[in-house]
Amino acid sequence: MAVPPPEHPEFLWRNPEPKSSYDVVIVGGGGHGLTTAYYLAAHHGITNVAVVERGWLAGGNMARNTAIIRSNYLWDESAAIYEQSLKLWEQLPEELDYDFLFSQRGVLNLAHTLGDVRESRRRVEANRLNGVDAEWLTPEEVEEVCPIINTGDDIRYPIMGATYQPRAGIAKHDHVAWALARRCDELGVDLIQNCEVTGFVKDGERVVGVETTQGRIHAGKVGLAAAGHSSQVAEMAGVQLPIQSHPLQALVSELFEPVHPTVVMSNHVHVYVSQAHKGELVLGAGIDQYVGYGQRGGFHVIEDQMAAAVELFPMFGRAHVLRTWGGVVDTTLDASPIISKTPVDQLYVNCGWGTGGFKGTPASGMTFAHTIAHDEPHPLNVPFSLERFETGFLIDEHGAAGVAH
Amino acid sequence: MMLIPCPHCGPRNETEFAYGGQAHVSYPEDPHALDDAAWARHLFYRENPKGLFAERWVHSAGCRRWFNAVRNTITYEVQSVEPIGPRPPGGRPAESTTSEGGHA
Numbered sequence: 000m001a002v003p004p005p006e007h008p009e010f011l012w013r014n015p016e017p018k019s020s021y022d023v024v025i026v027g028g029g030g031h032g033l034t035t036a037y038y039l040a041a042h043h044g045i046t047n048v049a050v051v052e053r054g055w056l057a058g059g060n061m062a063r064n065t066a067i068i069r070s071n072y073l074w075d076e077s078a079a080i081y082e083q084s085l086k087l088w089e090q091l092p093e094e095l096d097y098d099f100l101f102s103q104r105g106v107l108n109l110a111h112t113l114g115d116v117r118e119s120r121r122r123v124e125a126n127r128l129n130g131v132d133a134e135w136l137t138p139e140e141v142e143e144v145c146p147i148i149n150t151g152d153d154i155r156y157p158i159m160g161a162t163y164q165p166r167a168g169i170a171k172h173d174h175v176a177w178a179l180a181r182r183c184d185e186l187g188v189d190l191i192q193n194c195e196v197t198g199f200v201k202d203g204e205r206v207v208g209v210e211t212t213q214g215r216i217h218a219g220k221v222g223l224a225a226a227g228h229s230s231q232v233a234e235m236a237g238v239q240l241p242i243q244s245h246p247l248q249a250l251v252s253e254l255f256e257p258v259h260p261t262v263v264m265s266n267h268v269h270v271y272v273s274q275a276h277k278g279e280l281v282l283g284a285g286i287d288q289y290v291g292y293g294q295r296g297g298f299h300v301i302e303d304q305m306a307a308a309v310e311l312f313p314m315f316g317r318a319h320v321l322r323t324w325g326g327v328v329d330t331t332l333d334a335s336p337i338i339s340k341t342p343v344d345q346l347y348v349n350c351g352w353g354t355g356g357f358k359g360t361p362a363s364g365m366t367f368a369h370t371i372a373h374d375e376p377h378p379l380n381v382p383f384s385l386e387r388f389e390t391g392f393l394i395d396e397h398g399a400a401g402v403a404h
Numbered sequence: 000m001m002l003i004p005c006p007h008c009g010p011r012n013e014t015e016f017a018y019g020g021q022a023h024v025s026y027p028e029d030p031h032a033l034d035d036a037a038w039a040r041h042l043f044y045r046e047n048p049k050g051l052f053a054e055r056w057v058h059s060a061g062c063r064r065w066f067n068a069v070r071n072t073i074t075y076e077v078q079s080v081e082p083i084g085p086r087p088p089g090g091r092p093a094e095s096t097t098s099e100g101g102h103a
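Note that the protein sequences, when read in sequence, are chains A and B.
Per numbering that gives the first Met the number 0, the first sequence starts with residue 0, numbered consecutively.
Per numbering that gives the first Met the number 0, the second sequence starts with residue 0, numbered consecutively.
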C-alpha cells in the first residue's frame with residue numbers, strides 16, 4: 000500500500016480578508032515592509048496594521064538578492080544605520096525565535112589598484128572610528144581567510160589587499176521573510192497577498208486610505224515600501240521620487256561541497272560571491288545600465304560577471320551556471336536610501352535601497368516604523384530624508400555601495 | 000542583449016552603447032530664478048516610467064554620436080530612434096506614455 004502523504008506543515012501566517020480600516024497600512028510585503036510591520040507591532044504597540052502585497056509575500060527583491068550582510072560603509076550616516084542593522088541581525092534570530100541561518104563568515108572587499116588601496120584603507124579607518132569592525136589585509140592575509148582565491152600576480156588585476164569585516168556574513172533570505180511574517184501574524188498584523196494598490200484616498204493634503212484590487216482600505220497612516228515600483232506607487236499619491244529603477248541580475252551554480260569560507264566582493268573587476276549553506280555558489284552581477292522593469296537583463300552582464308569570478312577563483316572554471324534571474328532595484332543618485340516623510344500628510348516612504356537593501360532590512364524597518372509611529376524620523380534616518388536632495392546634504396556611497404553587494 | 004538601431008549606423012549590439020537617461024532635459028533658461036526645490040527637480044528628479052520612455056543613448060563604440068530613443072521599459076523593445084536635437088514640434092511621439100517635461 001502507498002504510504003499516506005505527510006501532514007501539511009503548520010502554516011506560518013493566516014491569509015485574512017482585508018478589514019475596512021487599519022491604523023497603518025504598509026504597501027509592499029517584502030523584507031522592508033515586513034520588518035516595518037514587525038517593529039510597529041512589537042516596539043510601538045501598533046498592532047492594527049495591514050501589509051498589502053501585489054504579488055506573493057517576499058517574492059520580489061527579497062527572493063532575488065544575494066543575501067549579503069555587512070556594515071562597512073564610508074560615511075558616518077551610512078555606517079550608523081547599517082551598523083545598527085547588523086546589530087539587529089545579530090539579535091533577530093533569538094527575538095523572532097527562528098533560525099534563518101545568519102552566518103557571520105566575514106566579508107573581503109578586494110583592492111586591485113593603488114586607488115582601491117587608498118580608498119580601502121581610508122574606509123577601514125573610518126569604519127573603526129564608527130565602531131564598525133574592519134581590518135586591512137595584505138594579499139597573504141587574504142589567502143589565509145580565503146584559500147581558494149588567486150592572490151598571484153598572473154592575472155589582469157592582481158589582488159593588492161582587502162578590507163575585512165569579520166562580523167559580516169549571509170542569511171537565508173526567504174527564511175528571514177518567513178520568520179518576520181510569522182511573528183507579525185502572531186502580533187495581529189494582517190498580511191494580505193494578491194492585493195495591489197491602485198490609488199490613494201485623500202482628504203485634502205492627507206492620505207486616509209488606499210484603493211486596492213480587494214477594495215478600499217481606510218488607513219490612519221500609509222507607509223510605502225515598494226522597492227523598484229516605489230515611483231509608480233508614490234505617483235498615484237501625487238508624490239514624485241528621485242528614483243531610477245534598473246534591472247539587477249544574480250546567478251547560482253550547481254551544489255558543491257563547502258569550498259568558499261567567506262564572502263568576497265570586488266568593485267574593480269566587479270564580482271561578489273559567497274557559497275550558500277546548501278552548497279551553491281551565489282554571484283551577483285552589476286545593474287543593467289538602462290531603466291527597466293522586466294525583472295531580467297542582458298546576458299553580457301552575466302558573462303562579464305563570470306569572467307571576473309573565474310579569474311579570481313580559478314577552480315570556478317569547472318562550475319556551471321545553473322540559474323540566473325533579475326529583480327528591479329530602486330536607485331538614487333547618491334546610492335543611499337530614502338526613509339522619509341513626504342509632502343503628503345500621513346504618507347511615508349521607504350525606498351532607494353538600490354542594489355543593497357537586504358542587509359539594511361532590520362534597520363530599515365526599525366527606523367521606518369519609528370517615523371510612521373511618531374510622525375518624525377528616528378535619529379538614524381534623519382539624514383536619509385527626501386529633503387537632502389534640496390539641501391544638498393547628499394550621502395554619496397558610490398564607493399562602498401555603488402556596485403558590489 | 001538588446002539590438003539598438005543607431006540612427007546613423009543601423010542596428011548594433013547594446014554593448015556598443017552607453018545610456019544617457021531621460022531625453023529632453025534642458026538646462027534652466029534662467030538659472031537665477033530657481034530656488035532649491037526647483038534645482039533639486041532639475042538635478043535629481045527624472046521620469047521613471049513603466050512603459051514607453053524617451054531617453055538618450057550614445058553609440059560609444061561606433062559613430063560616438065548621441066541620439067534619442069523611445070523604448071519600452073517592460074519589454075525593452077526600442078520603438079523609435081531619432082538624431083539628437085530639440086524636441087520635435089508636438090512633443091514626443093504620440094505613443095509615449097511619459098508625461099511632458101516639467102523639469103525646468
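By construction, these hints were calculated from the structure, which means they are not laboratory data.
All values reported here derive from a predicted model rather than from experimental measurement.
It cannot be assumed that every hint is accurate.
[Unchecked claim] Reference excerpt, derived from the structure (chain B facing chain A, CB under 10 Å, subset only):
#1 A17
#2 G20
#3 R40
#4 L42
#5 R63
We put the beta carbon where it would ideally sit given N, CA and C, even for glycine.
Against the structure, the hints come out as follows:
1. The interface hint given for B/A17 holds, since its Cβ lies 7 Å from the closest Cβ of chain A, which is under the 10 Å cut-off.
2. The beta carbon of B/G20 comes within 7 Å of a beta carbon in chain A, closer than 10 Å, and the hint placing it at the interface holds.
3. Restraint check, B/R40 versus chain A: the minimum CB separation of about 8 Å is within 10 Å; hint holds.
4. Interface restraint check: B/L42 against chain A, minimum CB-CB distance 8 Å, threshold 10 Å, status holds.
5. For B/R63, the interface hint is violated, the least distance from its beta-carbon to any beta-carbon of chain A being 17 Å, above 10 Å.
The earlier numbered hint that this structure contradicts is number 5, and it is the only one.
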